[in-house]
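Here are the chains, one letter per residue:
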Amino acid sequence: MTTTQNEPGRESAARPGPLLRVREAVKDYPGTRALDHMDFSLEAGEVHALLGENGAGKSTLIKALAGAIALTSGTVEIDGSKVEVRNPQQAQALGISVVHQHGNLVPELSVAENVLMVEGLGRRIGVLVDWRSAHRRTRALLDRIGLPDLDPRREVSSLGAHEQAMVAVAKALASNARVIILDEPTTSLQPAEVDTLFSQMRRLAEEGIGFVFVTHRLNEVFKVCDRITVMRDGGLVGTWQAGELDHDSLVDQLVGAEKAIAHEAFTATAPPREVVLEARGLRGDVLRGVDLQARAGEVVGIASLPGEGAGEVVESLYGMRRVHGEVLIEGTPRRIRNPQQAVAAGMALVPRDRLGQGLVSDLSIRENATLASTKSYRTDPVLRLMRRGRERSEVAEVMAQLSLKSGGLEKEVRTLSGGNAQKVVIGRWLLRQAKVYLLDSPTAAVDVHTKAEIYGLARSLADNGAAVVFTSTELEEFVRVCDRVLVLHDGAVVGELAGDDITVNSIMRLSFGRKSV
Amino acid sequence: MSSSTAVAESPRATGPRRETSTSDKLIDVVSRYGTIASLVACVAIFSLLKPDVFATSQNFFNILNQVSILGIIALGLTVALVQGLFDLSLAGMATLGGYLACKWLAEGTFGSPAVAVLVVLALALVIGAFNGVVVAYGGVSAFIVTLAVGSILTGVVLGVSDSQTILSGIPDGFLIMGQGEIGPIPMPVVFLAIVAVVLYVFLEQTQLGRHMYAIGGNAETARLSGIPVKRYALIALGISAACAALGGMIVAANLGVGRPQGVGDTYLLDAFAAAFIGASTLRPGRFHILGTVIGVLLIGVINNGLSIMGVETFWQYAVRGIILLLAVFAASFLVMRRR
Amino acid sequence: MSSSTAVAESPRATGPRRETSTSDKLIDVVSRYGTIASLVACVAIFSLLKPDVFATSQNFFNILNQVSILGIIALGLTVALVQGLFDLSLAGMATLGGYLACKWLAEGTFGSPAVAVLVVLALALVIGAFNGVVVAYGGVSAFIVTLAVGSILTGVVLGVSDSQTILSGIPDGFLIMGQGEIGPIPMPVVFLAIVAVVLYVFLEQTQLGRHMYAIGGNAETARLSGIPVKRYALIALGISAACAALGGMIVAANLGVGRPQGVGDTYLLDAFAAAFIGASTLRPGRFHILGTVIGVLLIGVINNGLSIMGVETFWQYAVRGIILLLAVFAASFLVMRRR
Amino acid sequence: SMSDDDKPSSNSGDDSSNSDSGKAAGPVEDLSIGFVAVNLNSPSINGIKDQFVKAAEEKGWKVEVFDGQGDQAATNNAASDFISRGVDVIVNNSSPNAQMTGVMKEADAADIPFVSIYGGFVEGVDAEIGTNEFINSTLMTAEMANRLEGKGRVVKLNWTVLQALRDRDAGFKAVMSENPDIEVVREIEVKVPGQVEDSYDQLTNLLQSDKNIDAIWLGWDELAPSAVRAIEEAGLEDKVFAVGFDGNSFAWDLIREGSPYKMEPANPFPLMGDKAIETIETIVGGGTLPSKVVYMKPCLINEQTVPAEGEEPDWENCAFFPGEV
Ligand SMILES: Nc1ncnc2c1ncn2[C@@H]1O[C@H](COP(=O)(O)OP(=O)(O)OP(=O)(O)O)[C@@H](O)[C@H]1O
Ligand SMILES: Nc1ncnc2c1ncn2[C@@H]1O[C@H](COP(=O)(O)OP(=O)(O)OP(=O)(O)O)[C@@H](O)[C@H]1O
Ligand SMILES: [Mg+2]
Ligand SMILES: [Mg+2]
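Chains as they are written, first to last, in the working numbering: chain A, 42 to 558; chain B, 714 to 1052; chain C, 714 to 1052; chain D, 449 to 773.
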């Protein structure tokens, strides 16, 4: 435990101290220092953005505040007095409530059980659960976050990703917390849902609750936050009032002096070439006859509200969903009933659910990276011994190209931060040299710098002759990356935008079913 | 674990009028009720083949009686499995429980059978909680902990008994647990019913039970939500051990002998089978009390039916395996199809 | 994949995730080598207590010989467990394998022992693959499928044999598998070594093994990476069945009789124990061949040491359980601490 | 090859007189004995071991005991190990000798006598101390038939995987074939493991549909409590009786209590250890055995002959069969 230094605080010394304060926080993992003498403070009634690149240490700091991990050294203060946060119960007792980046919900349980997991379901006749009151209280909370129609009895596993995210927020709001920490809650939310969330945050902030808000979407920062703290490499870069920074100066602080972020668009400079991917009449339980073409050299966006087609098109193309219709790759009809056939046909998927569908967290970075191309590393088709040396050098090459930040290629993928984990998934398909890339929200939870890298990657994949299909929950991304955007509403294409016609507004209007742009 | 499924499944709430196809509904029904249907089919077939013997109310209670011990043990195991904890010590625990009760009563250590039973149950809770401590605080997998503890218990009961079976001196007050009847209902069945109801309410209707499902679903989430996860391993394995000991005592009371070996082993695999069959019923993928009851009944009906038909023993093994396979297959096949 | 019954049990227990700031390296070493240290400690203690008997090169081969059958079965099981598939049919499979080889050779169905052995192994592969088909394509949990198939196999071998042990007519060419020696090394040990090396290379160095670990880690990710996930259940359970059959044949060759009952059951739980001990060794949380070998040796050394010491049987059970507990505890406790 | 009488079935079952009828040999000292048992959990097998070890140690012999805990292969390996370590005698306690022929060959090659207790005679053993289960069963079954007065309906429960139980089965069949008025209603092969529960369930199911049963023949007395309970539960305790084999004390308790379990031949396990010592002395001392098979005489235990609680029958003087003496 380090001795608390008497540093000049920005806060006035008259009050007992800020609502929450972290001093000199250090967290060591084997081979990594995830937090390096980090300082942070939160005032009652403010929304405080905690920003930083992937792997900067945001989640680690939050986990320490939540009692999920123990700091190697450092102190936590509440109202100016030192406290111990040794486990989640203690954090809750101190009034700290957290939406973690991953794993906030138990999918097998109902919405009500998840929302009230911290607070308790309530009892009647001594021991029995009082379901009626539990459902009533849950409904009230769901009401507040804009999900009035969600049945509290529904199993969370039956919800869409965005609904799950909102339920996680409802869970954090359910407790009588003074500090609410949201670690990338907006990753899979739609703009309207983000707005609902923000208005709730503002309302509660006015009641005196302090919010810590982590996001990689910088526009959100300026929408909702009072102050901004930027982290880099586990340490503090600085804390500012929101008004002191603008988008560009914030980015400079985030990425550091040496790196510069390209602000240019990543759209094509050369005309697209031959058609690589063609789908005709995709029809299933959501899709109602979708036609689609993607050419070599082209990045094609597919946009829709959740559950109305964009994700479903990707899943259908990749054989994850049963649909009728025809898929042609380079003009040849391919029968794609499962992912294996999709991969064999030259398709690649960067799935939205990175942990559940993109990675094997207990395997090494190398093993994850070569998962789709083991065939090209085996000695022969009979013994099938793996040539590890070649694996190592090729993975190292690709990961260097992606500027992966890791403790070594033999480290388990589990130890990577969100953005770096995504790079491993993308690296997998670079090693496979796929022809069609299906990027399903590839920039979710990715920092501003890596986002730009991924845009650049999508572009260079296309430039090198691949067709790229792109979806996102951030509509600005379509504008920056896509050459063409298909907008779906209720399972059907309602419009196609190209070039300068691609705007956030036009996409939004179309996806709400308003045909006239 | 299965957050993957969540994403692939289409959200129904937000999408406008997306009607579920009737085939989807049908598949859903079949997968949920496949095991029950198999149970009904077995009953129907045996009733047709041996109407005078199988389809009698006497045989109905007979089947219940025959499965009651398996049922009690399997129900306790279900609680452990809800949290993903394999309890292999229940074989040794059942043997120990039955033996100790007989020994203490035969030797007069405890005058009252009720006291002896309660002491054995308390001891079982302690041993089960010990399993839980090693699992939760030592971080060893339940499989290996309970296997090791099972071995210790086996040794202890062999040592205590000097391998001798106890037959005389067991008071009637104890034997009644296995041989008595309430009205037409044999006592073991009464115990089965009590255990089933209590554990059903416990798992489905109490906060503790719901926490157990939360832990079984995602222990890390449960921990981060402030649920004292470790403590629940003690509770779950304690309950499992107590049920095993109760089962062992009922076996002993039923036959009137305190055997120092092999009592629990008979039920070990069948208890797992019943719980796993149950996990393919009604709520596919979850262990739950109702499912386990159905699993136990399925096993009981198959065993009873085949034995009543006088089927050769080797055929009993084989046919039993085939029926189990078909029953679970019926339930699961369609679940798979859907995805 | 099989959401039908998510086997929550994993060798990585869900325990405390705290970090002590003590030297990570040391903890890492202790947790990785804790089981091995326990093995060494057991060897040292037994050697001290019985230097003239235990610590002899002859007893070394003797221990290896005693564990070789368990080892072969446990190694096959490890392949299935890598993918999260519990194989309970291996008991029946081992019995069937040993019996059939003896029967066919005694009756002259196959002239050459080698042919008989290969036919039995092929049959085992087919049965294991059948398990895999039901698991992967039927979506039934491996636990219940293999339990049911095990019951069928038990019935089949009892039926085929009419419960008769085959005592005569087994050619020496077959018996050599269990009784022969190459130099000082007993044949079962040779088989164990071959199986261990082959499966080690298979799991660690080949494409198939790599895919199996991927599937075991996250089947959905593996599927989406284009790996034909379902096929691997067939391969894994096939290998597991073949190893069980090989183990059964070596038992038969060792004893010189074809027993129709109980051969494999002796090894079932110990095989799981060995694999789970292995999963706490060297690479905590993962089933792997080297770990299983260490688990098998630990069990073998404990059994051999205790019986050489002439410890009473009931003590053997108890002490064995305690040593197992300590060994795995030593490994896992510190792993848990680290996180 | 000291005896020309190798066939167990040709033995009459009572040639285990208390005096050593073979050529006497001098006292033997300083023997080291490798003693293997496939499973010492069984009280009778453990009793043999205790007896043997006690008697051997009184003679100053050194006995090393190995318990295979059910694993025959491990048991055989332990025996081989004893042989290569050069013990003077190998004693097999109750493992089927048929499964130890490999060990016998090794013992023969190393010139080490292989003596077995209750292992069933096979070619290659130097001496087998046991009982003739075929004869025992014949007599026992005949006694059952007497009790039925030559007619009635009988159920048999057995597990014919074990050789001793097969021999008993053969005895049963032999007697039944001579009693045409006794109907064998059902021959049930019980499931092992789980034999106690299975026999109870199977009998319950059977008695439920067929109350007209007169006797139940059990392959071994571990099943006796199940049978008694099933009979009593069916309300047939005054009609149906059961018989069995072996000599476990809890079975005697049942007989003494007047339960439907009426009688069994009890094998003199406690004497077998001593007998084995005697036999080893003869062999090692260079004496000759009258026969390689030493059959021990069982005692018939029924309501009249059952010993008091906690006591043993008078093994030396008991009558095996009322009509015999
Ligand atoms: N369990 C762990 N073991 C080893 N290293 C870890 C572990 N958890 C995190 N790290 C490392 O700690 C650093 C900080 O990770 P953290 O998750 O806090 O980043 P983050 O700022 O939340 O990133 P992102 O924006 O991608 O979520 C990273 O380098 C990461 O690889
Ligand atoms: N690294 C790679 N890069 C490009 N194409 C590949 C690569 N690996 C495999 N392919 C192609 O994908 C198709 C199927 O590959 P897949 O990985 O399914 O093969 P596999 O089933 O492992 O091979 P086999 O059938 O020989 O076992 C083949 O047409 C193959 O040529
Ligand atoms: Mg993070
Ligand atoms: Mg192929």
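Hints listed in this document are in silico derivations from the structure and should not be mistaken for laboratory results. Just so you know, even glycine gets a beta-carbon here, dropped at the ideal spot from N, CA and C. Among the clues, some could well be false.
Stated by the list, open to error - A partial selection of chain C residues facing chain A, derived with a Cβ cut-off under 8 Å:
1) Lys763
2) Pro764
3) Ala768
4) Ala827
5) Leu921
6) His924
7) Tyr926
8) Arg936
9) Ser938
10) Leu995
Results for each hint:
Against a cut-off of 8 Å between C-beta atoms, the interface hint on Lys763/C is violated, since the closest Cβ of chain A lies about 41 Å away. The beta carbon of Pro764/C comes no nearer than 41 Å to any beta carbon in chain A, farther than 8 Å, and the hint placing it at the interface is violated. Taking 8 Å as the C-beta cut-off, the interface hint given for Ala768/C is violated, the closest approach to chain A being about 38 Å. Among the interface hints, the one on Ala827/C is violated; its C-beta lies about 22 Å from the nearest C-beta in chain A, farther than the 8 Å criterion.
Checking Leu921/C against chain A by beta carbon gives a least distance of about 6 Å; that is within 8 Å, so the hint holds. Restraint check, His924/C versus chain A: the minimum CB separation of about 7 Å is within 8 Å; hint holds. At a threshold of 8 Å, the smallest CB-CB gap from Tyr926/C to chain A is about 6 Å, leaving the interface hint in force. The interface hint given for Arg936/C is met, as the beta carbon of that residue sits about 6 Å from the closest beta carbon of chain A, less than 8 Å.
A cut of 8 Å between beta carbons decides the hint on Ser938/C: the least distance to chain A is about 4 Å, and the hint holds. Taken as an interface hint, Leu995/C does not check out: its beta carbon lies about 14 Å from the nearest beta carbon of chain A, beyond 8 Å.
In summary, the numbered hints that this structure violates are 1, 2, 3, 4, 10.
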